[in-house]
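Read top to bottom, the protein sequences are chains A and B. Residues 201 to 544, numbered by the numbering used here, are exactly what the first sequence covers, in order. Residues 909 to 1244, numbered by the numbering used here, are exactly what the second sequence covers, in order.
Rather than coming from a laboratory, the hints here were simulated on the basis of the structure. Please note that the accuracy of each hint is not assured.
The list that follows gives simulated cross-link-like pairs (lysine-lysine, BS3-like), each with its CA atoms no further than 27 Å apart [unchecked claim]: (1) A:K237 / A:K275; (2) A:K275 / B:K1034; (3) A:K341 / A:K364; (4) A:K297 / B:K936; (5) B:K1034 / A:K237; (6) A:K297 / A:K275.
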Amino acid sequence: MSATIRTSVGRPPSHGPLLSVEDLRVTFTRHGEEPFKAVDGVSFDVHPGQTVGLVGESGCGKSVTSLAIMGLLPKRGNHVEGTATYEGVDLLGLSDKEMRDRRGRDIAMIFQDPLSSLNPVVPIGVQVTEVMERHRGMSRKDAMPHARDLLERVGIPDPNARLKNYPHQLSGGMRQRALIAMALACQPRLLIADEPTTALDVTIQAQILALLKELVQDTGTALIMITHDLGVVAGLCDEVNVLYAGRIVERGDRHRLFARPRHPYTHGLLSSIPRLDSPRGEKLNPITGSVSDNLPWTSACAFAPRCSHAQEDCRVQTPPWEWENDGRGLRCHHPVEAEEVGRG
Amino acid sequence: MVRFIVRRMLQMAGVLVVLSMLLFVWLKALPGGPVSAILGERATPERRAALEAALGLDQPVYVQYLRFVERALHGEFGASTAVLPGEDAFQVFLIRLPATIELAIFAMVLAVALGIPLGYFAARRKGSPLDSGAVVFSLIGVAVPVFFTAFLLKYFVAVEWQLLPVSGRQDPSLDATRVTGLFILDGLLTREWDAAWDALRHLILPAVALATIPFAIIFRITRASVLDTMDADFVRTAEAKGLTASVIRSRHVLRNAMLPVVTVIGLSLGGLLAGAILTETVFSFPGIGDAIYQSQRDKDYAVLTVLILASAAIFVIINLLVDIAYAVLDPRIRTR
C-alpha cells in the first residue's frame, strides 16, 4: 500500500517541511474486538508558517492523527506506525520524557471545548504561567507579566483581573482565547487546533478564526487546522487535506480545491452546504449513507457505497494515490469532471 | 462566602427544629410516661392529676413543646436514671463525648490514610492485581457488618492472641491525670507516656473496626474520581502543555479528584461522631454510641433525648464544615 503513496512528487519547492508525516497508521486494539484502523496511512507536510487543514466528518481519523503526532493517545489500546518528522527528529520515536519536553514548547495544541479543556479549580493566570515555568525556566512571579501580555495579545479585556479569574467566570469565547494564549506562551513553531470553534457561537467562531489567522501571520507559526467545517478551511487554510475513513482522499491548494473538487466526497461536502442564493424550495444535497457503510480500503474504495460516481471497480480495487497536473493529490477511480462542478 | 455560611447555618437551625419536634412527638407517644414512672401504675387519679399539673402535662401540646425547647436550650433535660444514675443528662453527654471524638478521629485518620493513597494507586494501575485486590478488600469492608468485624477482631486479636486489650479506654490502675478527656492527648500533655500508650492500645481495635466502612467508601470514591479526572479534557490540555507528570498529578488530577472525596469524608466523620453504637458496644468503649445503647435499653429517656439531639447537632455542624471546606476547595462554589 505504501507503494501507492508518493509523498513529495509535484510539491512546490521549499526549504523543507517543518513537520513531515509519513504513512501514519493508528490501529485501535481492544481486547476481544477486531482491530480498528482509525488512521490508515496518512502522509502530509507542514511548511514553516503554512496553515494546513485536515477536513472530514466525525470518525475519519483527523483528531486521532493530531493526537498521535502529539503523543497524546492513551498508552494502551492503540498501535502507532509511521513517522512524524519535526525538524529532522521523528516525534513518534521519542521517549515519553523527550516528547514532554517538546509539547507546549515546539508544538502546542488547542482543543474543541474550552470549558472542559481548562482546569476548573486553577486560576487562568496559573494555567498560562505553568507552561512558561515548565519550558522557559521562569518563576511564576516572573512569568505573570508575560501571561498578562499574552491575554492582552489574544484580545482578552482587563487581563490583570482575568489572571485571577477561574474558567467558569469567563465566557466561552474568552476561554478559547485563554487556551490560545496558553498554547502560544512558548512561541511554538507549530500549532495544532482541533476543532477550535465547534463549541462556540457563530459570531464568536468568526472572532476566534480571525484571531488565529492574525496570530499565525504575525508570529510565523505553522498551523494544522482540524475541522469538519469547510467554512473554517476556506477562510484560513493554504492547503487542504480531505480525510475519509482514515485516509486522505484529496489534497490541494485551497482555491483550486474549492473551485474544482475532484473527489466525489469533497464535491459532496461542498455541495451539501446550504446556500443562501439557491432558489427557494430547492432540496439540500446531503451525502447519503453513513460511515458504517464503508468498505475496507484494502480491497475497495471505502467511500464507494455512498458515492454517486461509484462503478464496479470501486468495490473491488483500492484506488491509488495520484498527483494531478495542478499539484493536487487524489485517491479516486472516477473523479468528478470539471463540467459537473457547480451543478450540485 | 459569608452569605453562604449564614444561609447554611439557617438551614442547620431548621433541621434541628424539625428534629426536636419529631423527638417531642416520640417522647409523648412512649408508653407509660413520666407520671406512671414516678407514681407507679396504681396511683389514684387525684394524685396523677396533681402531678400532671405540677409537671405542666395538663397544658396544651404546643405549650409543652415550647417548654421542652426552652429547657433544651438551657441544657436541662433532667437527671439520668440508668446510665449514670443521678447525674444531669447533659453532663452524661459531656462525659461521654471525648471518648467518641477520640475514636472517631482515629478511625477517620486510618480510613483516610489508607483509602486515599490506595484509591489513587488503584486508579493509576486500573485492572492490575493491586487494583482488583483493593476493590475486593473494600467490598468486604462494606459488606461485612461492623459488629461482626468488631467481634472477630476482639476474639482473635484481643482474646486469642492477647495482643491488645479487650475493652475500655484505659487501664484504670494507671490512675492517669485527666486534662481534656481525650486520653491520648492527656497522656502526651502530662508526659504520662504509659497512659498515652495504653489509651492508644485500647483505641486500635475499635478504631480499625469502625474504619472499615469509611475506608471502603473513601477508597472507592477516590478510585472512581481519579479515574474520571484522568480522562478529563483539562488533563489532556495539561499533557499537551508538556507539563511534568508530578505537576499534572498534583495540580490537575488530585486537586479535582479530591472534591467528592472531601464530601464523603465529612459525611462519614459526622456519622462516626454521632455515635458508633455497634463498635462501642462490642468493645465496651464508653462513648456516645455505648451511652445511646444503654439509655435505650434501660429506658433512660432524659439521656436518650440529649444524645439524639446532640448527635444530630454534631452531624449537622460537621456538614456545615464540609460545605465550607468544599467552597474553599472549589472556586465554582466560592465565586458564584
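To see whether the hints hold, each was checked on the structure:
Proposed proximity of K237 (chain A) and K275 (chain A) is supported: the alpha carbons are some 16 Å apart, at most 27 Å. With a C-alpha separation of about 13 Å, the suggested pair K275 (chain A) and K1034 (chain B) falls inside the 27 Å cut-off, and the hint holds. Straight-line distance between C-alpha atoms of K341 (chain A) and K364 (chain A) comes to about 13 Å, which keeps the hinted pair within the 27 Å bound. Annotation: proposed proximity of K297 (chain A) to K936 (chain B) is violated, straight-line Cα distance about 72 Å (limit 27 Å).
Straight-line distance between C-alpha atoms of K1034 (chain B) and K237 (chain A) comes to about 25 Å, which keeps the hinted pair within the 27 Å bound. Distance hint between K297 (chain A) and K275 (chain A) is fulfilled; the C-alpha atoms sit about 14 Å from each other, no more than 27 Å.
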